[in-house]
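Let the hints inform the model, and build the full structure from the sequences given.
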Amino acid sequence: MKTSVSSHITIRGIIAYVFGILFALCLILSLLITSVEAVAYWMPEYYENEYRKYQVAETVQMEMEDLLEVTDQMMAYLRGEREDLHITTVVGGQTREFFNDREIAHMEDVRGLFLGGLLLRSLCIRGAGLCLILLAAMRARLSQVLPRSICAGTGLFFLLACILAAVISTDFTRYFTIFHQIFFDNDLWILDPRTDLLINIVPEPFFVDTAARIGLLFGGSVLILFAACFLWLYRQKRNHAAGA
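Numbering of the sequence shown is given in the working numbering, commencing with residue 42 and proceeding in unit increments.
Just so you know, not all the hints are guaranteed correct.
[Unchecked claim] Simulated pairs of lysine to aspartate or glutamate, EDC-like, Cα-Cα distance not exceeding 16 Å: (1) Lys94 with Asp233; (2) Lys94 with Glu104; (3) Lys94 with Asp250.
Simulated from the structure, these hints should not be mistaken for lab results.
Predicted model only: the values in this text are computed from it and were never measured.
Set out below in structure tokens:
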């Protein structure tokens with residue numbers, strides 16, 4: 042009878058930690074997607090600083106104010122707040138549509154990818170909530186299960202992210218190309234700087250800076266989460282030792 046009860050408790054404990062790890066992974070993915078959104082939408086000065094850094098306005102022969110307005114409209118389109126990318130502006134002293142047909146077709150794909158990321162975050166948040174409900178239904182000790190699961194999940198994910206970042210940093214162009222080949226099923230992302238303004242306003246160094254900023258923001262948030270859970274477990278251990 043004791044063996045049966047012990048086995049039942051062990052299996053129940055394993056299931057609880059499985060839900061805890063799933064909760065941690067959902068939380069981490071949500072943080073990753075939020076980090077991307079934060080850099081893309083919550084730091085409006087970022088684009089202007091990057092454009093000045095790489096002299097983008099001079100390259101495309103536009104006033105900075107007009108360039109930033111085009112950028113605002115483009116970013117609104119990516120998150121579904123604008124129906125199309127037919128944006129009229131002044132380029133080289135002449136009034137014209139900023140994006141050509143090829144660029145618009147590519148940005149449709151990018152929009153699908155971005156909206157897919159936002160949907161994934163929504164599903165992750167709901168998944169994390171479901172894990173909490175299941176853990177509560179199991180009467181699991183959340184103060185123990187969640188901190189340990191989050192420490193394990195964030196530690197593993199952060200290690201993998203660091204390895205991936207180290208690999209990508211050896212040849213950003215190569216892995217940037219691989220990224221596009223994985224997520225796009227056409228060659229519309231291959232743009233010509235002589236005819237396509239889009240590639241001129243977001244050159245490769247812009248993406249390097251953006252990836253670095255996203256990485257720092259995401260890495261910082263994960264480290265804070267890990268540290269908070271680690272300290273919680275450390276305090277629990279100290280309190281338990283003091284009580285013993």
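A quick look at each hint next to the structure:
| no. | hint | in the structure |
| --- | --- | --- |
| 1 | Lys94 with Asp233 | violated (21 Å) |
| 2 | Lys94 with Glu104 | holds (15 Å) |
| 3 | Lys94 with Asp250 | holds (11 Å) |
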